[in-house]
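Novice: The listed protein sequences correspond, in order, to chains A and B.
Throughout the first sequence, residue numbering follows the numbering used here, covering 175 to 599 in sequence.
Throughout the second sequence, residue numbering follows the numbering used here, covering 625 to 920 in sequence.
No wet-lab data here; the hints were simulated from the structure.
Hints may be right or wrong, so weigh each one.
Unchecked claim - Which stretches of chain B does chain A cover? Using the computed rule of at least three CB atoms under 8 Å from a CB of chain A, they are: (1) 719-727; (2) 742-753; (3) 757-769.
Cβ coordinates follow ideal geometry from the N, Cα and C atoms, glycine included.
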Amino acid sequence: MSETSNIDIVKKGLGKRYRAEKRFRIYGICAIASSLIFLAFLFISIGSNGYTAFQQTFIRLTVHFDPEILGDTTNRESIASANFPSIVKQSLSMMFPEVTSRSDKRLLNALISSGASYNVRDIVIENPNCIGKTMQVWVPADDDVDMLIKGHINREAQEGERRLNDKQLGWIEQLEKDGNLKKRFNMTFFTAGDSREPELAGIWGAVSGSFFTMIVTLVLSFPIGVAAAIYLEEFAKKNRWTDIIEVNINNLAAVPSIVFGLLGLAVFLNFFGMPRSAPLVGGLVMTLMTLPVIIIASRAALKSVPPSIREAALGVGASQVQMVFHHVLPLALPGMLTGAIIGMARALGETAPLLMIGMVAFIVDIPSGFTDPSTALPVQIFLWADSPERGFLEKTSAAIMVLLTFLIAMNALAVILRKKFEKRW
Amino acid sequence: MSAEKKSIYPDKPELQFENKRKFTNKREPLVDRENRKTVGQPTVENPRMSCLNVNVYYGDKQAIHDVTLDIGRNEVIAMIGPSGCGKSTFLRCLNRMNDTIDFCRLTGTILLDGKNIYDKDVDVVPLRAQVGMVFQKPNPFPKSIYENVAYGPKIHGLVQNRAETDEIVETSLRKAGLWEEVKDRLNQPGTSLSGGQQQRLCIARTIAVGPEVILMDEPCSALDPIATARIEDLIDELRENFSIAIVTHSMQQASRVSQRTAYFHLGDLIEVGSTDQVFLNPLHQLTEDYVTGRFG
Ligand SMILES: Nc1ncnc2c1ncn2[C@@H]1O[C@H](COP(=O)(O)OP(=O)(O)O)[C@@H](O)[C@H]1O
Ligand SMILES: [Mg+2]
Numbered sequence: 175m176s177e178t179s180n181i182d183i184v185k186k187g188l189g190k191r192y193r194a195e196k197r198f199r200i201y202g203i204c205a206i207a208s209s210l211i212f213l214a215f216l217f218i219s220i221g222s223n224g225y226t227a228f229q230q231t232f233i234r235l236t237v238h239f240d241p242e243i244l245g246d247t248t249n250r251e252s253i254a255s256a257n258f259p260s261i262v263k264q265s266l267s268m269m270f271p272e273v274t275s276r277s278d279k280r281l282l283n284a285l286i287s288s289g290a291s292y293n294v295r296d297i298v299i300e301n302p303n304c305i306g307k308t309m310q311v312w313v314p315a316d317d318d319v320d321m322l323i324k325g326h327i328n329r330e331a332q333e334g335e336r337r338l339n340d341k342q343l344g345w346i347e348q349l350e351k352d353g354n355l356k357k358r359f360n361m362t363f364f365t366a367g368d369s370r371e372p373e374l375a376g377i378w379g380a381v382s383g384s385f386f387t388m389i390v391t392l393v394l395s396f397p398i399g400v401a402a403a404i405y406l407e408e409f410a411k412k413n414r415w416t417d418i419i420e421v422n423i424n425n426l427a428a429v430p431s432i433v434f435g436l437l438g439l440a441v442f443l444n445f446f447g448m449p450r451s452a453p454l455v456g457g458l459v460m461t462l463m464t465l466p467v468i469i470i471a472s473r474a475a476l477k478s479v480p481p482s483i484r485e486a487a488l489g490v491g492a493s494q495v496q497m498v499f500h501h502v503l504p505l506a507l508p509g510m511l512t513g514a515i516i517g518m519a520r521a522l523g524e525t526a527p528l529l530m531i532g533m534v535a536f537i538v539d540i541p542s543g544f545t546d547p548s549t550a551l552p553v554q555i556f557l558w559a560d561s562p563e564r565g566f567l568e569k570t571s572a573a574i575m576v577l578l579t580f581l582i583a584m585n586a587l588a589v590i591l592r593k594k595f596e597k598r599w
Numbered sequence: 625m626s627a628e629k630k631s632i633y634p635d636k637p638e639l640q641f642e643n644k645r646k647f648t649n650k651r652e653p654l655v656d657r658e659n660r661k662t663v664g665q666p667t668v669e670n671p672r673m674s675c676l677n678v679n680v681y682y683g684d685k686q687a688i689h690d691v692t693l694d695i696g697r698n699e700v701i702a703m704i705g706p707s708g709c710g711k712s713t714f715l716r717c718l719n720r721m722n723d724t725i726d727f728c729r730l731t732g733t734i735l736l737d738g739k740n741i742y743d744k745d746v747d748v749v750p751l752r753a754q755v756g757m758v759f760q761k762p763n764p765f766p767k768s769i770y771e772n773v774a775y776g777p778k779i780h781g782l783v784q785n786r787a788e789t790d791e792i793v794e795t796s797l798r799k800a801g802l803w804e805e806v807k808d809r810l811n812q813p814g815t816s817l818s819g820g821q822q823q824r825l826c827i828a829r830t831i832a833v834g835p836e837v838i839l840m841d842e843p844c845s846a847l848d849p850i851a852t853a854r855i856e857d858l859i860d861e862l863r864e865n866f867s868i869a870i871v872t873h874s875m876q877q878a879s880r881v882s883q884r885t886a887y888f889h890l891g892d893l894i895e896v897g898s899t900d901q902v903f904l905n906p907l908h909q910l911t912e913d914y915v916t917g918r919f920g
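Bound-form chain A, shown alone (with noise of 0.2 Å):
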């Protein structure tokens, strides 16, 4: 027997141990740290990439709403019609009346978005009476004004280098001068569809196509999963077929989405004959995608409702109907949610599946129904972010903004769901 007592074995080997609990904790924070900061960087580079997207340029011009000139207006086909876009070549060449040869002409209408018409248009069908008037109407600009005026186009460069030229920068500087160009709040971008102009573009198109394809897929998935996995994991036995169901179960997670987006179009399109590019079928496919992440999830949240609870509902008389809805589903229930809110969140932020069932065609339109053409938020990201204007860029980021929104408020409702049904046993 040696001298040192246990104590002075154990004292001995403190301080290794200390150490190794020290090192530990660093590892630990390093990873965490590391993790913020790519998160940081990332929300900063799209944040300051887009924040200016929420801004647009906008000029005020003085429109005269000459009946001679826009013609019959007396019903909205005729309105329709009406030859608004030179009721504003008119307003612009009244601001500048010393600009009158043909190509400089062009040059100052192109300082305006060729959607300023519709505007003007707009103000026509609300309020019939204006026409013989003349009004103060603030028109979106050019996406290369709204460039300048962001400063992404660089005043200083060589007149062939820019795509503006000397003479429109004079033009802009004399709105400037004149208080008639401002930046003001980009209402569109919230409000319209898809559209080749930059200044003309909004999210609300992708955001309406993805709400639809969401309701699909959440009235699909959800009670479908659930009830597979109540199935299986309560009522079925445990036998080959289930183990087989089981394995398959958990390849389907790991399936890339782009398969599903195959299999999509080969099924829903090809074999039934289902609309293209329609939230009906976005919806379907993302289904197919969320299932096996709903089942597992809520497979697990079955499992994790202790068997006691189990047995003291059997022990009582309740049938196996009785026990699982009566006691083990609402116990199950904020697990299950948790699994479907995470699996809708994927499949929001999904873009390749839907690729393949034509819902990245460029549509103008808002969509109003299951089955009109659509496309979907991270599916007008790629579209944009693939587009050469730079108007598109700060459009994309935007973009972006708005579906991480969307994805953290969803994984938010995730949490407190979580925490509110949570029971104690």
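Following the hints, position chain B with the ligands against chain A.
Specialist: What follows is chain B with the ligands alone, placed relative to chain A:
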């Protein structure tokens, strides 16, 4: 064995260790340890339940070997034995709780009032209303105290309206000796009670359905001595109206609450007899080993 060994019956001074020794000296040689046939009297007259040649298997492993045992009316029968000997398994066969385990298999007959509960035409739902169960760990539903007791009567259609439910809740809680403690907070969750109260709540929940037999699987093993004493008193009172089969690892408890005792060993029913006889004058060497604390 030291001579000063404490009595295992502290509350029965007449059964001190010395008495027992004298008693043992007079009796016949014990049945050998290798003999696993049940000794004693496993049957009673006019039984509530009777088990005939019951074998239970978990997959290929046999957990219960050929057990024949009756449960009488208005009696408490204690099942004792070293852990893992199949007491819980046997108890759970009596209300078919083992049906929930896919790979659990049973052969033999278990009669309840003369009807084999393992017949094809027997429905387990009413069976479990007739043979209630109280578990080792108190397991109230995560609902209110009231809901806990009212749940059984509700699903079995024993109550039609609120007044009837109130009444059955009150009488059950009274029978379980819990009414005075909880009557002012029936809407609080059952899980907010102390362990002993929770277990009495579980007993109230069981008797609310009006069973004939109550199975208890180590109902006091998670409780402190005071709560245990209350439950033991309660079991004694309940005997008037119910047959009770209780599994316990505490020999004192078995001797305090039961009239008959069955000793299990590695899946065999070794000995059955009146509680006094089994503890004072066991016929089997294994029983003697266990009750004298030489084993288990
Ligand atoms: N669910 C189960 N699956 C497989 N074996 C089991 C199961 N439950 C109990 N057993 C086995 O059956 C035997 C008896 O167990 P049990 O009845 O719980 O013993 P006791 O209650 O007397 O301690 C043990 O060997 C145990 O391993
Ligand atoms: Mg046990």
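Novice: How does the coverage statement for the region 757-769 of chain B fare against chain A, requiring three or more residues with Cβ below 8 Å from a Cβ of that chain?
Specialist: holds (count 8)
Novice: Can you take a look at whether the region 742-753 of chain B is actually covered by chain A? Rule is 3+ residues, C-beta closer than 8 Å.
Specialist: holds (count 5)
Novice: Does the region 719-727 of chain B contain three or more residues whose Cβ lies closer than 8 Å to a Cβ of chain A?
Specialist: holds (count 4)
Every hint from the earlier list agrees with this structure, and none is contradicted.
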